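**Q** As a plain string of letters, each chain reads:
Protein chains: 2
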Amino acid sequence: MFSLRTPLRHTFLRSASTIPKRHITVFGYTQAKALIFSEHGQPKDVLRLHSHSISPAYGDEIVVRFLAAPINPADINQIEGVYPSKPTFTTTLGTPTPHAVPGNEGAVQVLSIGSSVTDFTPGDMAIMRHTAFGTWRSHATARSSNLLKLPKSPSITPLQAATVSVNPCTAYRMLKDFVPLQPGQWFVQNAANSGVGRAALQFGRIWGLKSVNVVRHREGIEELKRELMELGGGGEAGTVVLTDQELADPEVRKGVIDRMGGKGAMLGLNSVGGKAGIDLCKLLDTGGHLVTYGAMSKKPLTLGAGLLIFRDLHFHGFWVSRWSDQHPVEKEAMLEEIFRYIASGELKDVPMETTVWKRDTKEEELKAAIERSTQGFGGKKQVFVFEDE
Amino acid sequence: MFSLRTPLRHTFLRSASTIPKRHITVFGYTQAKALIFSEHGQPKDVLRLHSHSISPAYGDEIVVRFLAAPINPADINQIEGVYPSKPTFTTTLGTPTPHAVPGNEGAVQVLSIGSSVTDFTPGDMAIMRHTAFGTWRSHATARSSNLLKLPKSPSITPLQAATVSVNPCTAYRMLKDFVPLQPGQWFVQNAANSGVGRAALQFGRIWGLKSVNVVRHREGIEELKRELMELGGGGEAGTVVLTDQELADPEVRKGVIDRMGGKGAMLGLNSVGGKAGIDLCKLLDTGGHLVTYGAMSKKPLTLGAGLLIFRDLHFHGFWVSRWSDQHPVEKEAMLEEIFRYIASGELKDVPMETTVWKRDTKEEELKAAIERSTQGFGGKKQVFVFEDE
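Going line by line, the protein sequences match chains A and B. Per the numbering used here, the very first residue in the first sequence carries number 251; after that it's consecutive. Per the numbering used here, the very first residue in the second sequence carries number 251; after that it's consecutive.
Be a bit skeptical, because a hint or two may be false.
As the list makes no split between identical chains, a pair holds if one copy fits it or if it spans any two.
20 Å max Cα-Cα, derived SDA-like pairs, lysine to any residue [unchecked claim]:
id	residue 1	residue 2
1	617	301
2	631	288
3	549	529
4	532	334
5	549	524
6	549	528
7	336	562
8	532	335
9	549	330
10	426	572
11	525	552
12	630	605
13	549	562
14	525	549
15	399	372
16	399	382
17	513	335
18	336	561
19	548	528
20	525	554
21	336	536
22	513	334
23	631	578
24	475	536
25	336	556
26	548	562
27	549	561
28	548	561
29	513	572
30	581	379
Hints listed in this document are in silico derivations from the structure and should not be mistaken for laboratory results. Predicted model only: the values in this text are computed from it and were never measured.
Can you build the whole structure from these sequences, using the hints too?
**A** Right, here's the structure in full:
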């Protein structure tokens, strides 16, 4: 039905269902590496690559190796110290002073289990149950409560598993939890080219929703528009893609609202803030809801009282970490559904760029990937993929 | 129980249950006066006092005389043309060009009814069912759909009836419709000395809610604090009153939050906006709701994404006109409840200053009252009371 280009190549990833034969242990101790930091600052200044060894799994311990771990904006903010949930600094990695491991998302494979572990067996694949585990590392000691076991589906790659918890989950919840949208109804969003934006666009198509998608004007905008139109199912399915500049034009906006049936949407998803956030409000109907999940413009939403009182707009925020911690059962059900969409090809990955993390990968190579992740818009999502050989 | 000073003197108002004997008609035509305007602008520039006559009630018509009509900020904004709901300009008052009558709230007495009117009889008291009727006039022709009949209670004065639809109703709905507060729980508000603020404070006391009330620092602040504390039932009942300057002090704020049991409230009522609106947010708990119903500072609410995403605050507006139009049945039930509180003495009036509008009252006297209503904070509510002699 959809002939989408798959911008992700992950064939180099070995099948995750077998434990690497040459997994290196010394007297049962696993040789591990982790990016660590002991004080907040710019990643390039404060991160360093640390070697350590991990004791054999004892009691309820589960020794895992990482398969893939993405670099998300929130990870960077945590290292900088400008994120509300702070990492825990400890000396458990054998450092003389307390350190923390960055990274919130990741997919792992179980290498060995302690004698009292009953719900995991070596070879199982899992993702992090909560944020803040510290996923930018080759190996770790975990417990059952840290892990969410993945279905044994040959159609889910480690890369897909490692990147599902933040962006697709955010898009899913924002479309479900604020306004009860029915098939045929519209939502609007900015940052439509982001990981969350692309997921929202596709969930919309899967659930029969129509969407207006705003992206920043850029080189190659026509190509991007075509790509996003296709993700949404095309114009006949009710997909509109326009630039922030077009949205700022009252004539264009009027055309879009006509296209929506003469009135705005009841739901808007905002990851930009500032003027772009307010412009998006102009596509909302009286009584509509704007959900903010990011502030790429680094500017606040400036709400005149008229937007609140006379247009009766409602403003909310969404933070997937809080939601996940508060809804563990719903999270499992949602992930199951999302993995079905991935396995069936209905939900496509975002464009990714992988950095292979091997035993001999240098600190600089890893930092270069982190640096790339912070370089403006339009870049690909950066992901570490681990090779244990 | 409560020994509140009643700042309102309305003993000069004749009992509203009898029709004035000397009501002036000429061959059945009622001699009437109305403030009118034909173009938007400053009230003192565009308003003029117009004399006209009203035909005898015919068919479904009801001829009423006004008893009292307040001057609300929204009335002024409508005359200025900066309010979203515009008045209707017509020539029905016998003017050569279209004019509108300002005023949204008012209490009336029925003088005569057309032959097909069954639900009103002469002598009945009523208030406006909807806004925008045009209440700054001595007499008018209405229909049943314009009027909400009042209970025949000797304890409700026309002044109280005329001022219940906007401020007490706004306070009532904001406390009921956004967060399900239980007795013993807190809400916070700024502009606590306003008509809405005083009503919220008192509904809180009646319903067992505790409240933190912010007022602007001013001369005589200690006296005002005492008065508002009393309206809330005192400190033992959980009433806190503080100034905007005190709220801006982190130490004071910490003390207030301690007083609230260590965490903020789930509901805040904001009529100021700007920095004061954001300061009020600091008294809200994670997941709390701020409802904006005014913008006395004339400044927008500037929401950093952290307030939305990490503090999970929700921002709404409330406009009593829209609510009233959408909930006619609930409105009647609510008014019945509020009139009970007024009759029992549980809900006290706000401080008012009345301007008597008689046959020979000059335009300048009426405009002076309108001018007083716009003069800064701390002033009394201005109300026209009509004497038909």
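**Q** For every hint, state whether the structure bears it out.
**A** Each hint tested on the structure:
Within a single copy, residue 617 and residue 301 get their C-alpha atoms as close as 16 Å, which meets the 20 Å cut-off; across copies the closest is 82 Å, which misses it. In this homomeric assembly, residue 631 and residue 288 never come within 20 Å of each other (Cα to Cα): the closest approach is 26 Å inside a single copy and 61 Å across copies. In this homomeric assembly, residue 549 and residue 529 come within 20 Å of each other (Cα to Cα) both inside a single copy, at 13 Å, and across copies, at 19 Å. Within a single copy, residue 532 and residue 334 get their C-alpha atoms only as close as 31 Å, which misses the 20 Å cut-off; across copies the closest is 16 Å, which meets it.
Proximity of residue 549 to residue 524 under the C-alpha cut-off of 20 Å is found in both arrangements, the shortest distances being 5 Å within a copy and 16 Å between copies. In this assembly of identical chains, residue 549 and residue 528 lie within 20 Å of each other by CA distance both inside one copy and across copies; the values are 11 Å within and 16 Å between. Taking the shortest alpha-carbon separations for residue 336 and residue 562, only the inter-copy value of 17 Å comes in at or below 20 Å, while the best intra-copy value is 36 Å. For the homomeric pair residue 532 and residue 335, the shortest alpha-carbon distance between copies (19 Å) is at most 20 Å, but the shortest distance inside one copy (33 Å) is not.
Taking CA atoms no more than 20 Å apart as the test, residue 549 paired with residue 330 passes inside one copy only; the shortest distance there is 18 Å, against 32 Å between copies. Only within a single protomer do residue 426 and residue 572 lie at most 20 Å apart by alpha-carbon distance; the minimum there is 16 Å, versus 27 Å between protomers. For the identical chains of this complex, residue 525 and residue 552 are neighbours both inside a copy (8 Å) and across copies (12 Å), given an alpha-carbon limit of 20 Å. When the C-alpha separation of residue 630 and residue 605 is checked against a cutoff of 20 Å, the pair qualifies only within one copy, where the shortest distance is 12 Å, while the shortest distance between copies is 69 Å.
Taking CA atoms no more than 20 Å apart as the test, residue 549 paired with residue 562 passes between copies only; the shortest distance there is 18 Å, against 23 Å inside one copy. In the homo-oligomer, the alpha carbons of residue 525 and residue 549 lie at most 20 Å apart both inside one protomer (8 Å) and across protomers (16 Å), since each shortest distance falls under that limit. When the C-alpha separation of residue 399 and residue 372 is checked against a cutoff of 20 Å, the pair qualifies only within one copy, where the shortest distance is 12 Å, while the shortest distance between copies is 77 Å. For the homomeric pair residue 399 and residue 382, the shortest alpha-carbon distance inside one copy (18 Å) is at most 20 Å, but the shortest distance between copies (62 Å) is not.
For the homomeric pair residue 513 and residue 335, the shortest alpha-carbon distance between copies (19 Å) is at most 20 Å, but the shortest distance inside one copy (39 Å) is not. In the homo-oligomer, the alpha carbons of residue 336 and residue 561 lie at most 20 Å apart only across protomers (15 Å), although the nearest pairing inside one protomer, at 38 Å, exceeds that limit. For the homomeric pair residue 548 and residue 528, the shortest alpha-carbon distances inside one copy (14 Å) and between copies (18 Å) are both at most 20 Å. With identical chains, the CA atoms of residue 525 and residue 554 are at most 20 Å apart both within one copy (12 Å) and between copies (13 Å).
In this assembly of identical chains, residue 336 and residue 536 lie within 20 Å of each other by CA distance solely across copies; the values are 17 Å between and 38 Å within a copy. In the homo-oligomer, the alpha carbons of residue 513 and residue 334 lie at most 20 Å apart only across protomers (17 Å), although the nearest pairing inside one protomer, at 37 Å, exceeds that limit. Taking the shortest alpha-carbon separations for residue 631 and residue 578, neither the intra-copy value of 26 Å nor the inter-copy value of 53 Å comes in at or below 20 Å. Proximity of residue 475 to residue 536 under the C-alpha cut-off of 20 Å is found in neither arrangement, the shortest distances being 28 Å within a copy and 38 Å between copies.
Taking the closest pair of Cα atoms, residue 336 and residue 556 come within 20 Å of each other only across two copies (15 Å); inside a single copy the shortest separation is 37 Å, beyond that limit. When the C-alpha separation of residue 548 and residue 562 is checked against a cutoff of 20 Å, the pair qualifies only between copies, where the shortest distance is 18 Å, while the shortest distance within a copy is 25 Å. When the C-alpha separation of residue 549 and residue 561 is checked against a cutoff of 20 Å, the pair qualifies only between copies, where the shortest distance is 17 Å, while the shortest distance within a copy is 22 Å. Taking the closest pair of Cα atoms, residue 548 and residue 561 come within 20 Å of each other only across two copies (17 Å); inside a single copy the shortest separation is 25 Å, beyond that limit.
Taking identical chains as interchangeable, the C-alpha atoms of residue 513 and residue 572 lie at most 20 Å apart only when they sit on different chains, with a minimum of 18 Å there against 33 Å within one chain. When the C-alpha separation of residue 581 and residue 379 is checked against a cutoff of 20 Å, the pair qualifies only within one copy, where the shortest distance is 9 Å, while the shortest distance between copies is 48 Å.
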